[in-house]
Structures are given as structure tokens and as C-alpha cells.
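If you're matching them up, the sequences are chains H and P in order. My numbering numbers the first residue of the first sequence as 1 and each following residue consecutively. My numbering numbers the first residue of the second sequence as 1 and each following residue consecutively.
Every clue listed holds true.
Pairs of lysine to aspartate or glutamate, EDC-like flavour, derived with a Cα cap of 20 angstroms: (1) H:Lys60 to P:Glu173; (2) P:Lys14 to P:Asp289; (3) P:Lys14 to P:Asp110; (4) H:Lys177 to H:Glu239; (5) H:Lys60 to P:Glu168; (6) P:Lys14 to P:Glu103; (7) H:Lys60 to P:Glu167; (8) P:Lys63 to P:Glu106; (9) H:Lys60 to P:Glu256; (10) H:Lys278 to H:Asp171; (11) H:Lys119 to H:Glu225; (12) H:Lys60 to P:Glu176; (13) P:Lys63 to P:Asp53.
Don't read these hints as lab results, they were simulated from the structure.
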Amino acid sequence: MTTRSDAHGGSLDRLLASKEIAVTCGPGGVGKTTVAAAVAAMAACHHGGRVLVLTVDPAKRLADALGLQGIGNTEHRIPDELFREAGVTPRGELWAAMLDTQASWDALIERHAPDRRTKEQILANPLYRNLAGRFVQSHDYIAVERLFEIHATGDYDLIVVDTPPSRHALDFLDAPKRMAEFFSSRLLRWLIVPYRSRLVNFASRPFYQVADRVLGTQFLADIAEFFILFQSMHTGFVERADGVVRLLSDRRTTFLVVSTLESSPLGEAELFAGELVKRHLHLGAVVLNRTLPDYLRDPQAGAVARALGERAEEIAGRLPTDPALTVPLLREVAESFINFGLVARREAEQRDELAPTPDVLASAPAFENDVSNLAGLLSLGETIWG
Amino acid sequence: MTAALAQLAAQRGKRVLACDIDATGGLAAMFEAGPSGFEPTQVAPSISVMSMDTEASLREYLKIQLRIPLAGRIGPLAKVFDFVATAAPGVREILTVGKLCWEVSEGHFDLVVVDAPASGHVVSQLGAPQAMNDLVKVGQIRTQTDWMLDILSDPGQTGVVAVTTPEEMPVSETLELAARIADETTAQLAAVVVNRVLPELFSTPEEAVFERLREPELSSTISDAVGGDVGPVLEAARLAVTMRRSRAVHLRVLQERLDPRVPVLLVPYIFTRVGGLRSTRQVASSLADELGL
Numbered sequence: 001m002t003t004r005s006d007a008h009g010g011s012l013d014r015l016l017a018s019k020e021i022a023v024t025c026g027p028g029g030v031g032k033t034t035v036a037a038a039v040a041a042m043a044a045c046h047h048g049g050r051v052l053v054l055t056v057d058p059a060k061r062l063a064d065a066l067g068l069q070g071i072g073n074t075e076h077r078i079p080d081e082l083f084r085e086a087g088v089t090p091r092g093e094l095w096a097a098m099l100d101t102q103a104s105w106d107a108l109i110e111r112h113a114p115d116r117r118t119k120e121q122i123l124a125n126p127l128y129r130n131l132a133g134r135f136v137q138s139h140d141y142i143a144v145e146r147l148f149e150i151h152a153t154g155d156y157d158l159i160v161v162d163t164p165p166s167r168h169a170l171d172f173l174d175a176p177k178r179m180a181e182f183f184s185s186r187l188l189r190w191l192i193v194p195y196r197s198r199l200v201n202f203a204s205r206p207f208y209q210v211a212d213r214v215l216g217t218q219f220l221a222d223i224a225e226f227f228i229l230f231q232s233m234h235t236g237f238v239e240r241a242d243g244v245v246r247l248l249s250d251r252r253t254t255f256l257v258v259s260t261l262e263s264s265p266l267g268e269a270e271l272f273a274g275e276l277v278k279r280h281l282h283l284g285a286v287v288l289n290r291t292l293p294d295y296l297r298d299p300q301a302g303a304v305a306r307a308l309g310e311r312a313e314e315i316a317g318r319l320p321t322d323p324a325l326t327v328p329l330l331r332e333v334a335e336s337f338i339n340f341g342l343v344a345r346r347e348a349e350q351r352d353e354l355a356p357t358p359d360v361l362a363s364a365p366a367f368e369n370d371v372s373n374l375a376g377l378l379s380l381g382e383t384i385w386g
Numbered sequence: 001m002t003a004a005l006a007q008l009a010a011q012r013g014k015r016v017l018a019c020d021i022d023a024t025g026g027l028a029a030m031f032e033a034g035p036s037g038f039e040p041t042q043v044a045p046s047i048s049v050m051s052m053d054t055e056a057s058l059r060e061y062l063k064i065q066l067r068i069p070l071a072g073r074i075g076p077l078a079k080v081f082d083f084v085a086t087a088a089p090g091v092r093e094i095l096t097v098g099k100l101c102w103e104v105s106e107g108h109f110d111l112v113v114v115d116a117p118a119s120g121h122v123v124s125q126l127g128a129p130q131a132m133n134d135l136v137k138v139g140q141i142r143t144q145t146d147w148m149l150d151i152l153s154d155p156g157q158t159g160v161v162a163v164t165t166p167e168e169m170p171v172s173e174t175l176e177l178a179a180r181i182a183d184e185t186t187a188q189l190a191a192v193v194v195n196r197v198l199p200e201l202f203s204t205p206e207e208a209v210f211e212r213l214r215e216p217e218l219s220s221t222i223s224d225a226v227g228g229d230v231g232p233v234l235e236a237a238r239l240a241v242t243m244r245r246s247r248a249v250h251l252r253v254l255q256e257r258l259d260p261r262v263p264v265l266l267v268p269y270i271f272t273r274v275g276g277l278r279s280t281r282q283v284a285s286s287l288a289d290e291l292g293l
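So here's chain H without its partners, still in its complex pose:
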């Protein structure tokens, strides 16, 4: 395992020593959740203090190993025994919480509702349940919202946030702004006017006619009721969303973009990194996960592999093993090296072409087995930390 994280002399160690919030983001299926947990575990071990990882959907075996199954929104301390079993004595504490979208929305309503009746009406509204559960960006919003809430408690030295898988990683950045816009929209007021006053002005009438024909009056009335209820919480919501936006652009917040070196996730990761830069958010590091070992690119080893394949019969002749098995075996071994070597060279080229260049560029090797316990997290963490 080699440590190669010195693009500009920075390291995750240094970066996280100076930040309070690290948001891991990037395309789906690259091990984002695992990297977030590994980074948090490393920080708890080496920096100390209280470190929280706010995670979305860890692999089941990892969640089981850390005792995360069913902990929901509450923060849960990873017991020190688990660290001892992994052979380390952490300087600080590692905490974890999972993101439960529905429960977080309910808590949000509870906080902002002006009175009990409004709260209950909203919670019972079928549209609300639909909005919280299915509306795609609601997951993105609730993740940042939870972050804001936890950070405001001052309970943690470092919070590592894993972002939910979304169609576009950018949704995560846009979510608070969109949410604020949504609730302060002029259109919203326009939409609920007829249900409030029964006075529809002439200019807006065609819109209601179309909406009525398409959606049906009852449905439109349901929507309106929902928004009239939501209006009462408008100020609280908008202020909150503004606070969330400020937190993301705070100096104490950094973003870790996680990707593999395969071309399609990498393209998405680059797009995301570029967008962070454009929005003046702090692109702290790019973590390249599951990279192939360097020896696959060694030209000398490549030459050996070719010779092995071409002269398989002759070489098998010098060996005491059964030639009928050895000859095809040597050819397969050679072929496999050449194939993986090609992938490794392609990936190395893509690593070099990476733009924009972050302060920290860290690579974690492809592990032979899935990371499924704390020891695994820490050995992944070691490869990207220094």
C-alpha cells in the first residue's frame, strides 16, 4: 500500500485538522460512504475530540459491524472495544448517525409549526408524506439541514457528511437555495389565492382553467391546503435554508470529492469539482478510490508478462509441474497482467489529466475484499491520510 497524496504538499491529515465540516460527494457507486466513514475514523484516532459521521446508506455488513443497524437519526457512539479489536487506541470519540429523511422532515415541521393543530394537519396531509418521501431533492435538503442542526449544537469537533445518492451531485448544492425559493415563491401565493379569497383575477384565470382540466379541482385544492399550511412556517423555513447555505460556504467547511478512475464516474466527479470551484466552495480533496496497484504499469513487468505468454511452452519445460496444466496457466497469467496493465495505464492517464486540481489528491487501492469492519475502514483510511 502506497501513500500518494501530495499534489501540493497537502494531506487529508492537515486539511481536516483545520476544518469542522467535511462533505464527501461525487457520483454513486464509488465507495463514498465508506470513504466518509474511513476519514472520520482516522480523525477520531489521530486528531482526537468528538468526530461524527453522518451517513446515508452504508453497506449492510459495515453497518452491522459498527452497530449502526436501526439507530436512525440519533447519534450513536462507536464503542472503543471495536477500535481495540482493530488494534488501535483512538485519541478521541467516533460517533455515527444515519439520515432518516421522513423522521427529519417531521422534526423540521415540529420545530417550525406555529401551533399543534397546524403541525398535525401537515403531518396528516397525503401530499406532505409524498413530498417528504419521494420528492428527490428532499433527501438532499434534509442532509444539509441535519448537518446545520448538529453543527449548531457544538457537540462535535469534526462532522463528516456523506451525501445521498442523487441523479446529479449538484442537486445537493442547489437544494437549500431551491427550498428557500420554493417557499418564498410568488407563484406559490398566486396558486393559493383562489382558495383563500375566491377572487381570481382575470390575468391568472387561464392558468387555473388549464390546471383544473389537467389535475382536477380536488387535487388542486389539496395542493393549496398543503401550501396554506406551509405558509405559516414560511419565515422559519427560509431563514433556516439561508443558514444552511451560509454553513456550506463557511471557511470551516470543506468538500471531499470521491471517485474511481473509471471514465464515467470520473467525468461526473470533475464536473462536480469544477462546480465547487465556480461557487467559491472549498474543494479540499479528491479521493480516488479502488485504484489499481502501481506495479501493473511497470514496463519491465509488462515485458516479463509478454515473454511469459509467448514462451509458455519453453518455460513450462523448465518447471517440475505438469506441462498440460502449466502452459495454459502461464498464458492466462500473462494475459491477465497485460489486461489489467492496460486498465491501470488508462486510469493513471486519467488521474494525471484530472482538472481542476485540488490541494489534496489521494488514492486508495482496490482492496481484495469489501471493507466491512472498523479495521478495514482504518486500513483504507491509512492509505489516504498522510
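Fit chain P to the supplied structure of chain H, relying on the hints for placement.
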């Protein structure tokens, strides 16, 4: 995989429409064509590509179904639409599914292949007509969702193909998707394609030989014969074998827990190229092999 399925169907004489739901233009690139728009454009003989655009879909829907002309009468359509779509969950999904069902019912194409977004989202799309039916009791939408449901519920017309890789998370997501398709939608899971399956390197007797070759004495004999250190080459083969092994476990989990009536198709890892028409062709031909075509 969408491109490969389209390619395969076209090779077998079907007129195919491939649809990109995320307007990233990635699908057209698999056929070496420029970015596609909402209007289907032909990218290869018998293959057309389109990108979903819910706003354009709404405009088309209003024009065709309601005969509402678009001249400024309903105000700033884009803004209104954006708002309503955000406010009323399912509107975007219904417009997506509606457009696709419409293309199916119009019969311009024999097959419509859809590159759906991430697995959680596709359930809301397929389930949208049903969810709409539950929310909206009357109105024009109601009659619209009924015919969509007819198309989506007919296994002769609609099938979901789940694509995964032999890794822990993708496999558990696929199993979860299979369950959700059964519970929350009326559509059927037609097949699961496992992409990037690593080749099996050795048979068991070969493996015993391989373990012997890794012993210092024999490896140095080989190193002498080839004139260079064979260590990294053997190490790489061992890595390939363990990677294949740990993936085989996930593949087995998939096969065991999936409804046995759903075929599982394996597509090998392609080492040489990772995009464009070349890899589309290669994947299409592996699929054809798996399907026995």
C-alpha cells in the same frame, strides 16, 4: 447497457428508440452521435435517440391531448411548470412516463429502450401513474394514467432490466429494486444484467499449479527463463483471482435471492475500451451470447 440493448434489437430488425432520462447526452455518444434533444434523432440504421425533457413533454401533451395552443395565454409556462412540478410530486415522473408510453402506443418504433436514472428514482417513475391515481380521483390526468398503466402492467409490452455489477452495494441495491418493483409498481422485472464480470482465471487443478509457481524456488526459475522478475506478474494474477472470488460471492447472493424466473445475464469486463460505439457493439454481442441469439 441501454445502447447495447438498442443495438442488439436493431440488429435483429427492430426499429428502436433509445431514451436518455438524464439529459447528459451520454447515450448518443455511445453511438458516436452528437447530443440528442427531445425530438428523436436517428443515430444509426433503425436506431433513434432522444433525451427526456419534462417541460417539452408537457408542451407536447397540452398540444396533442388538450389542444391548447401555447401562445402566451398560460403565462410564463416554464416558471409555472417548474413550480407545479416541484409542488406536486409525481408530475415530472408522469410526464416522463407519459411521453414514453405515448411513443409506444403510437407505434413509430418496435422497441423503446429507456436509460433510467438511479434505481430509487425509477420506482417513482414506474409507480407514478398508480400514485397519481391514488391522489387524483377525477380530472383529465385520471383518464391519462389509466392507459399508461395498461402499457406498464403488460409484461408483453414493458419489462424492467436491472443492471448491476458483482459488488456488495450494487447487488443489495438491485435486490431492493426488485422488491420495490414488485411492491410499488405494476411493471415486471424482465432480467438482471450483471456487467463487468471478471473472467475466471484458473480451473482448480491449474490453481494448485499456480500456488506452486509462487514458491520462491519455482518463481526464480521462471524469472531466470524470461530474464526479469516474474513476481509482479504472479502477484497481479493473484489479485485478479481474489477480486474475482470476492465478486463471485456477491453474484451468488444475487442469484440465490432473486426470483428464479428472472434471468441473470452476465456481461464480461471489457479491458480495452470504455465508451463509444466500439464498446456498445462488444456489450451487445455478449448480451446476444447470453441470450442464446
